[in-house]
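Asks: Sequence:
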Amino acid sequence: MACHEPADFLCRPPPPGGSPDRDGARQEPADDTIEALGTAGANESVVITAQVTETVSRVRFDDGDVVAAGDVLVELTSREESAQLDQARASYAEAERQFERTRELRREGTASQATLDERTAARDAARARLEELQARMRDRLVRAPFAGVLGLRAVSPGTLVQPGDPITTLDDIDTIKLDFSVPERFLSVLAPGLPVRARAAAYPERTFEGRVRAIDTRIDPTTRAVRVRADLPNPDRALRPGMLLTVELEAHPRDRIALPEQAIVPVGEEQYVFVLDGDSRVRRVALETGRRRAGRVEVLDGLDGGETIVVEGGSMLRPGGLVRVVERDEAAVLDAPPPTRAGG
-3 MACHEPADFL
7 CRPPPPGGSP
17 DRDGARQEPA
27 DDTIEALGTA
37 GANESVVITA
47 QVTETVSRVR
57 FDDGDVVAAG
67 DVLVELTSRE
77 ESAQLDQARA
87 SYAEAERQFE
97 RTRELRREGT
107 ASQATLDERT
117 AARDAARARL
127 EELQARMRDR
137 LVRAPFAGVL
147 GLRAVSPGTL
157 VQPGDPITTL
167 DDIDTIKLDF
177 SVPERFLSVL
187 APGLPVRARA
197 AAYPERTFEG
207 RVRAIDTRID
217 PTTRAVRVRA
227 DLPNPDRALR
237 PGMLLTVELE
247 AHPRDRIALP
257 EQAIVPVGEE
267 QYVFVLDGDS
277 RVRRVALETG
287 RRRAGRVEVL
297 DGLDGGETIV
307 VEGGSMLRPG
317 GLVRVVERDE
327 AAVLDAPPPT
337 RAGG
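By my numbering, the letter at position 343 of the sequence shown is numbered 339, and the numbering carries on one by one without gaps.
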């Protein structure tokens, strides 16, 4: 495309003239993008610890294992408790037998109510003792409380552990919780379900997409920012807890009028664009612009969309100037030097 002004003065592309672009100002999808830095966290996370003072007899996991809820991770020595449990089972069985026999005799009238009450109390005490020992035995089997990925193990067979001693970590990272802060001025556009895009330095070519889960109820009085939490699906477990991610939050999706960035002619603090009218003359239109992205500029006011605009060389035009639309290859011919004659 090229242009010419009165007296057939042809402006050559791109600097000396103007090239009208009939698709230059058009409606296209847009949104307000809020940028932030966020930290990845596990959907569920726990440090697996010992509940009793005992010696590790067996470790049933390796570093980085994927486990299901309830899987046994560590067994602790329990010889004494095993013997006590066997004795408690036998005592409870005997107490139950004595209770049933006395209850039958009571029905026949050959046993007193006091005797039945004694047998009932003895049975209940034996059952309580059995349940206590069963609970203590369960404490000697360290299990995974939920499905996830184990971290590095901190114990070996023969290790003496005490209550609270760490054994390993467990993280559910099939979904990542992404926490980031947003300035309070954006609070009105934040809502659960807003789309989120995130990138990590470890995977520069990948974009992780998710949605806002929740917005904190409080504003930090120091930073004047609100914490936002988003969920990022992580089926291949590429993201790890603690990773730093750059976050883009899409708010206010809408259609916008946008045009090529090079079409804008700055004059002082104002911004203008030249629009081609039906009589092949151009007029200068003042613009109010918004966000810039990928070489396109959002127009907030000044254009309706669909106008033919001068994309290149607008700074050489004057309001009311004539332009003529020609093809690029024609402009290239006009811009070529004249041929030289042989021997000339």
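Because the hints were derived from the structure by calculation, they are not lab data.
We put the beta carbon where it would ideally sit given N, CA and C, even for glycine.
Among the hints, erroneous ones may be present.
Claimed, not checked - Label pairs and their calculated CB-CB ranges:
id: 1; residue 1: ARG279; residue 2: GLY238; range: 15 to 25 Å
id: 2; residue 1: GLY274; residue 2: ASP232; range: 51 to 61 Å
id: 3; residue 1: ARG220; residue 2: ARG132; range: 50 to 60 Å
id: 4; residue 1: ALA86; residue 2: THR49; range: 24 to 34 Å
Asks: With reference to the structure, classify each hint as holding or not holding.
Replies: Now for the hints, and whether the structure bears them out:
1. ARG279 - GLY238: 15 to 25 Å: violated, 57 Å
2. GLY274 - ASP232: 51 to 61 Å: holds, 57 Å
3. ARG220 - ARG132: 50 to 60 Å: holds, 52 Å
4. ALA86 - THR49: 24 to 34 Å: holds, 27 Å
Checked against the numbered hints above, the structure breaks only hint 1 and satisfies the rest.
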